[in-house]
Each structure stands twice: as C-alpha cells, then as structure tokens.
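**Student:** Given next are the chains, with one letter for each unit.
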Amino acid sequence: MNNQKIRWTIFASLFAVIVVSYIITLKWRIPTSPSVQKSYDLIESLPPSSMVIVSFDHEASSLPEIQPISYIILRHLFSRNQRVIGMSLFAEGTAIGYQTLNKLAAEYGKKYGEDYVFLGFKPQHISAILGMGESIRQVFPQDYLGNYLAEIPLMSGVENYRQIAAVISLADGDRTVQWIEYTGKKHGLTILGGFTAAMITTYDPYLSSGQLYSAVGGIVGAAEYEGILGLPGKANRALLSQTAAHIFIVLLVIAGNIAYFKRRKGGK
Amino acid sequence: MSSRIPLIVCLVAGLIMFLQYFSAHPVARAMFNQVNDWWQIIFAFTLFVGVAAFMNNSMRAIRRGKERPFKTVSLLALISMPLLAIIGGTKIGSPFLWTFDNLQAPMQATVFSLLAFFVASASFRGFRARNLQATILLVAALIVLLGRMPIMAYLSDTIPELTYWIQDYPSMAARRAILIGIGLGSMTTALRVILGLERTYLRGQ
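Chains A and B are the protein sequences, given in the same order.
Position 159, counted from 1, in the first sequence is what numbering that gives the first Met the number 0 calls 158; the numbers after and before it change by one each time, with no gaps.
Position 27, counted from 1, in the second sequence is what numbering that gives the first Met the number 0 calls 26; the numbers after and before it change by one each time, with no gaps.
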C-alpha cells in the first residue's frame with residue numbers, strides 16, 4: 000500500500016471509529032480524580048450568594064471540549080445559588096460566555112443583573128487582570144449589554160477582588176497562568192481552572208505548588224464532574240468516542256512499529 | 000542625546016512601576032490605574048493597526064489576483080462581523096450571534112478537530128522506536144495515553160499509577176526547570192531594559 004492509501008485508510012478508519020462509538024449511548028460512572036473532587040468540594044463549601052468570576056478564556060475552536068466543562072461548573076454554581084460574574088479575556092470567548100451563561104442561568108431560573116452578569120471582553124488581558132484588582136468598574140465601566148455597573152444590583156458592593164470568592168478560568172491556552180501570576184498571591188484569590196486535555200499538563204507545576212487550587216481537565220474531567228453531580232451530559236456522551244479514538248491511536252502506534260521492525264529485519 | 004531621552008524615560012518608568020507594586024499609598028494606586036488605562040488604550044490602537052494592515056495586504060492581493068476568492072471571503076468576514084454587531088446588536092437572537100454560532104464556531108471547531116486525523120496518521124508513520132531515546136519517549140507516551148483513559152481504571156491499577164508517576168516526577172521536573180528558566184530570563188531582560196543595557200528597541204543604538 001502506498002503512503003497516500005495508508006493515510007486515507009487511517010483517516011477513514013478513525014472517522015468510522017469516532018462516529019460508531021458516538022452513536023452508542025453508554026452512561027459511565029468513572030472514578031473521580033483528586034483535582035476534580037477538589038473543584039467540586041470548593042464550590043460546595045462556598046457560602047450561598049458568594050461572588051465567583053467565570054472567565055471564558057478560550058476560542059471557538061476548543062468549544063466541543065471546553066463547553067461540557069463550563070456547563071457542568073455553571074450548573075453546580077447556579078444550583079448552589081452562587082452569584083456569577085462572567086467575562087472573557089479572548090474576543091471569541093465573549094459571544095460564547097454570554098450565551099452559555101444565559102442558557103444555564105435560564106435552566107435554574109436565575110435573573111440577569113441579580114444572580115449573574117456578563118461583563119464582556121477587555122483587550123490586553125494582563126492589564127485587565129491587574130486593573131480589576133484595583134477596581135472592577137474602572138476596567139469594565141459597563142457590562143456586555145451596555146448597562147453601567149453602578150446600576151446593576153449584583154455589582155453593588157463589588158469593588159475589586161476582595162469581594163470575590165474564587166475565579167474560574169476556562170482556558171484552551173495559557174491565559175490562566177496570568178490569573179495565577181497576577182492575582183493568586185497578590186490578592187489571595189482562589190483560582191480554579193477548566194482546561195482542554197492538551198493543556199492540563201502545562202498547569203501541573205501550578206497545581207502541585209498550590210498556586211492553582213484545582214483543575215477540571217478535558218472531556219474526562221468534565222465527565223467526572225458530571226458523575227459527582229449525577230448529571231450525565233455532553234462529556235459523558237463523548238467519553239466513549241474519545242476512548243475509542245485513543246485506543247485506535249495506540250493500535251496505530253503498535254502497528255506502525257511492527258511494520259517498521261519487519262522492514263528493518265528485511266533489510267529495506 | 001536622541002537615544003538618551005528614551006533610555007531615561009524607560010529607567011524612570013521601569014523603576015516607578017517596580018516600586019509602586021509594593022506600595023498601597025493612594026498616589027501609587029492612582030498612578031498605577033492611570034498607566035493601566037494608557038496600556039489598554041495603546042493596545043486597543045494596535046488592534047486598529049492590525050486590522051488596517053490586514054485589509055491593506057488583502058486588497059493588494061485581490062488586485063494582483065493572488066488567492067482572490069480566499070482574500071475576498073476573509074475581507075468580507077472582517078467587515079461584516081462588526082457591521083452586524085453595530086446594526087443588529089450582540090444580544091441573543093442577533094444576526095451577529097447567529098453568524099458566530101452557525102459559521103465561525105463550527106468552522107473553527109472543524110479545523111481544530113482535523114488535528115485528530117493528523118495525529119492518527121503521524122502516530123502510525125512517525126512514532127517509531129528507532130533508538131533508545133525514541134523508545135523511552137514512545138513507551139512513556141503509550142503509558143500516559145493508556146493511563147488517561149477512563150476505561151483503564153477498571154482494568155489495571157499499575158498503568159494509571161505509572162501515568163501519575165511520569166506526570167508528577169520526570170515531566171514535572173522538566174516543566175519546572177523550563178518555568179524557572181523563563182522566570183529568571185524575564186527578570187534579567189527586564190533589568191537589562193530598565194538599566195539601558197538592552198537597547199534593541201532603539202534599533203540597537
């Protein structure tokens with residue numbers, strides 16, 4: 000088989016593996032990792048009506064992986080009657096964050112301006128993160144809809160990070176690092192992360208040092224969280240197809256090496 | 000003299016911004032807020048410069064007939080999204096959000112998901128135990144890949160434990176070394192810029 004044929008066979012097989020495994024509905028109850036459990040415990044331990052910033056620091060490209068994480072975390076926050084301040088440090092995260100917050104808030108009958116608010120996007124993330132430590136209103140004088148923060152009931156009494164119980168950064172890159180570096184120690188903020196699986200190891204040093212309180216990583220992390228809450232959703236649904244794709248890749252690596260050693264033995 | 004003025008500005012600004020970090024005095028806080036505002040404004044203007052440069056390059060390419068359909072589509076997208084937001088707003092149900100949800104988000108997710116196919120193809124054709132180093136990398140990658148699968152928790156304790164060991168020790172050590180190196184490098188560069196030893200921003204004068 001020539002290279003082109005091999006490549007197309009692999010592409011078609013992977014496509015078939017993903018589609019077939021996605022069609023099969025299997026409700027998994029997977030063991031919870033310590034980091035996901037820690038995220039859950041923190042939200043559980045917050046007194047009702049605590050202020051939590053949820054920052055949508057990701058692009059649309061990672062939406063299939065980040066959305067299950069944002070959905071389950073917001074469901075948990077709203078079910079515990081926490082107050083949510085949404086924002087984004089990525090232009091694309093703005094539309095995603097606004098719609099996600101509205102959708103999930105509606106599920107729990109939450110009112111905009113009283114139970115949650117969406118501040119929108121600010122360019123230059125480091126400056127925005129630092130500025131919010133001084134005054135949130137100075138960085139975001141108006142919310143996403145153009146309402147002045149001074150006129151929003153939820154924001155009355157919220158001046159800076161001193162009134163914030165935790166920051167949850169949902170990121171597909173290293174944006175959370177800036178939250179950790181510029182707010183963690185300086186303002187004593189508790190920072191939680193929701194990351195794509197590819198990014199989770201980047202945050203391992205911050206997790207082990209305690210600078211990042213906890214993290215929910217990828218589809219597996221979201222499925223674990225769904226398991227604790229007893230709300231199987233998008234992540235649980237995608238778990239089988241992701242596992243099937245991983246097994247397929249492991250088999251490809253093995254097959255590739257067998258072929259390589261056979262060729263080498265044959266002197267080619 | 001012309002190069003001394005920016006060096007003095009850089010030294011004074013650098014020292015003031017460094018010192019204000021440790022002060023809670025209202026003057027220091029007000030100054031920080033002011034500088035922070037300037038930072039945001041300057042950054043916002045750089046976005047305009049980026050958009051203008053992109054439009055200029057695209058228009059030139061269209062005139063030359065180079066990649067005309069692609070450049071036209073990207074230009075139209077660049078113009079139409081802000082226009083839709085200005086005309087129809089950005090609330091739920093607006094044409095802007097409809098376009099974002101039904102065009103931009105699926106297209107970006109599609110391009111990103113193609114990575115899975117390239118990874119699969121590369122894992123067959125490129126990921127081979129050619130020598131000792133490659134073999135160690137290959138074995139470690141396979142263990143981590145298997146150990147991260149939720150199904151593995153039901154089959155074996157050893158592989159998930161090995162996965163955590165690889166992540167917590169060799170991988171963590173390497174990452175920490177890189178992070179500490181970046182931190183020390185950033186501090187050194189910042190000091191060199193503040194003290195005027197690093198002058199590449201002055202075209203090396």
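Hints may be right or wrong, so weigh each one.
Claimed, not checked - With a Cα cut of at most 27 Å, we get these calculated DSSO-like pairs of lysine-lysine:
1. 233/A x 90/B
2. 109/A x 65/B
3. 37/A x 26/A
No wet-lab data here; the hints were simulated from the structure.
Please read all numbers here as calculations on a predicted model, not as lab measurements.
**Student:** It remains to establish, for every hint, whether it holds in the given structure.
**Tutor:** Hint-by-hint comparison with the structure:
| no. | hint | in the structure |
| --- | --- | --- |
| 1 | 233/A x 90/B | 25 Å, holds |
| 2 | 109/A x 65/B | 52 Å, violated |
| 3 | 37/A x 26/A | 23 Å, holds |
Hint 2 from the list above is the single one not met by this structure.
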